[in-house]
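Colleague: Sequence:
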Amino acid sequence: MNNTTKDSNTKAEAFPQAKAAPPKKRCLVCNKRVGLTGFHCRCGGLFCAIHRADTAHNCTFDFATEANANLETKLIKVDNSRDQLVI
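Using this note's numbering, read the sequence shown as starting at 13 and increasing by one per residue.
Please keep in mind that the hints were generated in silico from the structure rather than gathered at the bench.
For every residue, glycine included, the Cβ atom is placed at its ideal position computed from N, Cα and C.
Warning: the hint list may mix true and false statements.
Stated by the list, open to error - Cut-off 25 Å, straight-line C-alpha distance, at most; resulting in silico cross-link-like pairs (SDA-like, lysine to any residue): (1) Lys36 - Ala76; (2) Lys36 - Ala61; (3) Lys89 - Ala76; (4) Lys86 - Phe75; (5) Lys37 - His52; (6) Lys37 - Leu48; (7) Lys36 - Gly56; (8) Lys31 - Cys42; (9) Lys44 - Gln29; (10) Lys86 - Arg54; (11) Lys37 - Thr67; (12) Lys37 - Ile62; (13) Lys36 - Ile62; (14) Lys36 - Cys55; (15) Lys44 - Ala32; (16) Lys36 - His52; (17) Lys86 - Cys55; (18) Lys36 - Cys71; (19) Lys31 - Leu48; (20) Lys36 - Cys53; (21) Lys36 - Thr77; (22) Lys37 - Asp66; (23) Lys44 - Ala68; (24) Lys37 - Phe73; (25) Lys86 - Ala68; (26) Lys36 - Leu48; (27) Lys44 - Ala61; (28) Lys31 - Val46.
Stated by the list, open to error - Okay, the calculated beta carbon distance ranges per label pair: (29) Phe75 - Lys36: 20 to 30 Å; (30) Lys86 - Gln29: 44 to 54 Å; (31) Gln29 - Glu78: 39 to 49 Å.
Could you build all of it, start to finish, from the sequences and the hints given here?
Modeller: Here you go:
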């Protein structure tokens, strides 16, 4: 009997367990499968074509603050005189 338990243990060790399948890509609002057509939002969610707009999924990302910060870094301030630029 000990011989059969050894054989079953060696068979289990010979075949490693299969890896778990990756999670399905689904819309966070309607749970619809999106596959390759899913849209990643800046709030970190994955959405279908219907819920991709920020108003359609109650987005928590603040687009206005990011836009203002982006403008502050890219704008060049101009002084009253035309000859000098203040960066």
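Colleague: If a hint holds in the structure, say so; if it does not, say that too.
Modeller: Hints and how they fare:
no.: 1; hint: Lys36 - Ala76; in the structure: 32 Å, violated
no.: 2; hint: Lys36 - Ala61; in the structure: 17 Å, holds
no.: 3; hint: Lys89 - Ala76; in the structure: 21 Å, holds
no.: 4; hint: Lys86 - Phe75; in the structure: 17 Å, holds
no.: 5; hint: Lys37 - His52; in the structure: 11 Å, holds
no.: 6; hint: Lys37 - Leu48; in the structure: 8 Å, holds
no.: 7; hint: Lys36 - Gly56; in the structure: 16 Å, holds
no.: 8; hint: Lys31 - Cys42; in the structure: 28 Å, violated
no.: 9; hint: Lys44 - Gln29; in the structure: 30 Å, violated
no.: 10; hint: Lys86 - Arg54; in the structure: 21 Å, holds
no.: 11; hint: Lys37 - Thr67; in the structure: 21 Å, holds
no.: 12; hint: Lys37 - Ile62; in the structure: 15 Å, holds
no.: 13; hint: Lys36 - Ile62; in the structure: 18 Å, holds
no.: 14; hint: Lys36 - Cys55; in the structure: 19 Å, holds
no.: 15; hint: Lys44 - Ala32; in the structure: 21 Å, holds
no.: 16; hint: Lys36 - His52; in the structure: 15 Å, holds
no.: 17; hint: Lys86 - Cys55; in the structure: 24 Å, holds
no.: 18; hint: Lys36 - Cys71; in the structure: 22 Å, holds
no.: 19; hint: Lys31 - Leu48; in the structure: 22 Å, holds
no.: 20; hint: Lys36 - Cys53; in the structure: 17 Å, holds
no.: 21; hint: Lys36 - Thr77; in the structure: 33 Å, violated
no.: 22; hint: Lys37 - Asp66; in the structure: 19 Å, holds
no.: 23; hint: Lys44 - Ala68; in the structure: 15 Å, holds
no.: 24; hint: Lys37 - Phe73; in the structure: 21 Å, holds
no.: 25; hint: Lys86 - Ala68; in the structure: 30 Å, violated
no.: 26; hint: Lys36 - Leu48; in the structure: 11 Å, holds
no.: 27; hint: Lys44 - Ala61; in the structure: 10 Å, holds
no.: 28; hint: Lys31 - Val46; in the structure: 23 Å, holds
no.: 29; hint: Phe75 - Lys36: 20 to 30 Å; in the structure: 29 Å, holds
no.: 30; hint: Lys86 - Gln29: 44 to 54 Å; in the structure: 53 Å, holds
no.: 31; hint: Gln29 - Glu78: 39 to 49 Å; in the structure: 44 Å, holds
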